[in-house]
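S.K.: Starting from the known structure of chain A, fit chain B onto it as the hints suggest.
Protein chains: 2
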Amino acid sequence: MNSKNKLILALDFGGTKHAAAIVHSGDRKWQKGRRALSPPFAGATVDREIMRSLIHQLLQGEKPGAIGVSFGGPVDATTGTVRLSHHVPGWENTPLRELLETEYGAPVRVDNDANVAALGEYRFGAGKGYESMFYITISTGVGGGWILNGRPWRGADGMAGEIGHIVVDPEGPKCLCGKRGCVERFASGPYIAQSAQQFLQQQPYRGEILRNLAANNLSEITAQLVSKAADQGDDIASEVLEVAGWALGVGIGNVANLINPQLFVLGGGVTKAGAKFWSAVRRVARKTALPEVNFEIVPAALSDEAPLWGAVALAEDLL
Amino acid sequence: MNSKNKLILALDFGGTKHAAAIVHSGDRKWQKGRRALSPPFAGATVDREIMRSLIHQLLQGEKPGAIGVSFGGPVDATTGTVRLSHHVPGWENTPLRELLETEYGAPVRVDNDANVAALGEYRFGAGKGYESMFYITISTGVGGGWILNGRPWRGADGMAGEIGHIVVDPEGPKCLCGKRGCVERFASGPYIAQSAQQFLQQQPYRGEILRNLAANNLSEITAQLVSKAADQGDDIASEVLEVAGWALGVGIGNVANLINPQLFVLGGGVTKAGAKFWSAVRRVARKTALPEVNFEIVPAALSDEAPLWGAVALAEDLL
Chain A
1 MNSKNKLILA LDFGGTKHAA AIVHSGDRKW QKGRRALSPP FAGATVDREI
51 MRSLIHQLLQ GEKPGAIGVS FGGPVDATTG TVRLSHHVPG WENTPLRELL
101 ETEYGAPVRV DNDANVAALG EYRFGAGKGY ESMFYITIST GVGGGWILNG
151 RPWRGADGMA GEIGHIVVDP EGPKCLCGKR GCVERFASGP YIAQSAQQFL
201 QQQPYRGEIL RNLAANNLSE ITAQLVSKAA DQGDDIASEV LEVAGWALGV
251 GIGNVANLIN PQLFVLGGGV TKAGAKFWSA VRRVARKTAL PEVNFEIVPA
301 ALSDEAPLWG AVALAEDLL
Chain B
1 MNSKNKLILA LDFGGTKHAA AIVHSGDRKW QKGRRALSPP FAGATVDREI
51 MRSLIHQLLQ GEKPGAIGVS FGGPVDATTG TVRLSHHVPG WENTPLRELL
101 ETEYGAPVRV DNDANVAALG EYRFGAGKGY ESMFYITIST GVGGGWILNG
151 RPWRGADGMA GEIGHIVVDP EGPKCLCGKR GCVERFASGP YIAQSAQQFL
201 QQQPYRGEIL RNLAANNLSE ITAQLVSKAA DQGDDIASEV LEVAGWALGV
251 GIGNVANLIN PQLFVLGGGV TKAGAKFWSA VRRVARKTAL PEVNFEIVPA
301 ALSDEAPLWG AVALAEDLL
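First to last, the protein sequences are chains A and B. Just so you know, we're using the numbering used here here: the first sequence kicks off at 1 and counts up by one. Just so you know, we're using the numbering used here here: the second sequence kicks off at 1 and counts up by one.
Only chain A is shown next, with the shape it has when bound in the complex (with noise of 0.2 Å):
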């Protein structure tokens, strides 16, 4: 095999922002790499179009040897299919493989973000040297990936990792999946957001830091921001986060006493929150496992980078 075979490129289909980079194999620094936003109300054609573009870009002309790619929604692994997004229209049942390898003459390998980042953590992040490890995104919405006996494990349906849709509190308020306190609904990004307007809102005498940040303009109010005014001391961010702490913790606990790996690995925007969220969810988790079930909780060692260098992992195995 010539070294040009052994050239990785690594995709990113986010939401909203998309990722490519290219890598040669075995190496640990990306070559060259490249970035973009979605317009307003794209399509999936319209960000298969900008990922083509980004290639473009970082290729010129060159050939990759394989290509990982990392989706943000349901994906069948086996096929490389796309299932559907839930946040951009058209995705639904795109033979997302087959079509780049038809473009690229590379063999390709597809799965969701939060598998392919637990892939990231594990081959090259926080998780290198484990067996077994939970990987947890807190952003947007919250999801995990699975790492067991030193492999991916997707479920039955490709589905498992849903932590963020298990529930903490049966009378709790609604989650957007229709039920009743999921840890999405206390600990996601929008949900800590949510919480804090409605706290301001309710209680007019408390969260003075938090409004003054917010110049008083409530619907401003985002989770960055609820971690800021807590860091600086707020009493009702500091409340919104410590909820969103304890419910992934439980959320946490409930995972270790199921199925005990030995580690867990929290990634995305929420867990940029501060002293205050981690230490709640820490306290609660080992406090709703059983004390023989061990674990350790840390952070993502590769932050927004999980689902590419996941990308290189799955493609690696291709060479």
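Calculated from the structure, these hints are not laboratory results. Everything numeric in this text was worked out from a predicted model, so none of it was measured. Do not rely on the hints blindly, as some may be mistaken.
No copy is singled out in the list; a pair is fine if it fits within one copy or between any two copies.
Below are the DMTMM-like pairs computed for lysine to aspartate or glutamate, each with C-alpha atoms no more than 25 Å apart in a straight line [unchecked claim]:
(1) 287 to 171
(2) 174 to 242
(3) 287 to 157
(4) 174 to 292
(5) 287 to 76
(6) 272 to 231
(7) 174 to 220
(8) 272 to 235
(9) 32 to 103
M.R.: Showing chain B alone in chain A's frame:
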């Protein structure tokens, strides 16, 4: 290998009940079997003596080719060392595999009862032909054992499967483990009986059928009696079983979202609680799982013999 070496000895050390049986490898009918109860306040030494006597009656001088053991408590399956029994004192750090190998001169494999029963159902019972299943026993306690990719999954500390201690209601009643609202706190036999007793005390004008069945002696009420009363239309008994089914259903739905196995197999005394219990379990599990997550929930096929048949599977792998 001669035919004598293919004789399998299967042992089941329970909390109070013990069983031993022999079978020729490949056969699916026991050659002989024996059962015995522990005397009250027995310890590990007495239980091992009881088992030795059962084995003696079965083998009558014959030598087994391999021995499989189900133990009712945490086990280090790699070394075959019992960590402890939650019911019987004196088992702490007993090298059970070593003891049996020395005594009977045959290779031995030991694992905890939930894992062994899961293996039994997978190899010979309700799980035949599936790749991924979760076996749940609902009895004095609530526990489970995993089969993933056609192999047992025990977790990093051998603690996987503890569905009894995942929290389904953080405001719920206190469980023996110290937390509130565990699955076991609602669904185990003793807690079903306890809940029924409490409701009858609090609501003197309800539960007539159950009261009559217990001859008004509330302390006599068992989960079995609650099931019987529910079958006859008792209001309180039906409510208690509905709550038990709800808790188990939430637990199963959560597990489906997390691991997405093909099949749930339910065994143990409480699963004989009748149609109301089963329909609550199935309805709530389906509602708790995401719509894209498919699974079946079926009764165990091997009943009380699941651990013994699982022990046969463990032993057959040694031949």
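S.K.: Hints first: check each against the structure and report whether it holds.
M.R.: Here's how the hints hold up against the structure:
no. : hint       : verdict
1   : 287 to 171 : both (21 Å within a copy, 15 Å between copies)
2   : 174 to 242 : both (19 Å within a copy, 23 Å between copies)
3   : 287 to 157 : between (32 Å within a copy, 17 Å between copies)
4   : 174 to 292 : between (34 Å within a copy, 19 Å between copies)
5   : 287 to 76  : between (36 Å within a copy, 23 Å between copies)
6   : 272 to 231 : within (11 Å within a copy, 54 Å between copies)
7   : 174 to 220 : within (22 Å within a copy, 41 Å between copies)
8   : 272 to 235 : within (18 Å within a copy, 51 Å between copies)
9   : 32 to 103  : within (20 Å within a copy, 65 Å between copies)
Consistency note: the structure conflicts with none of the earlier hints.
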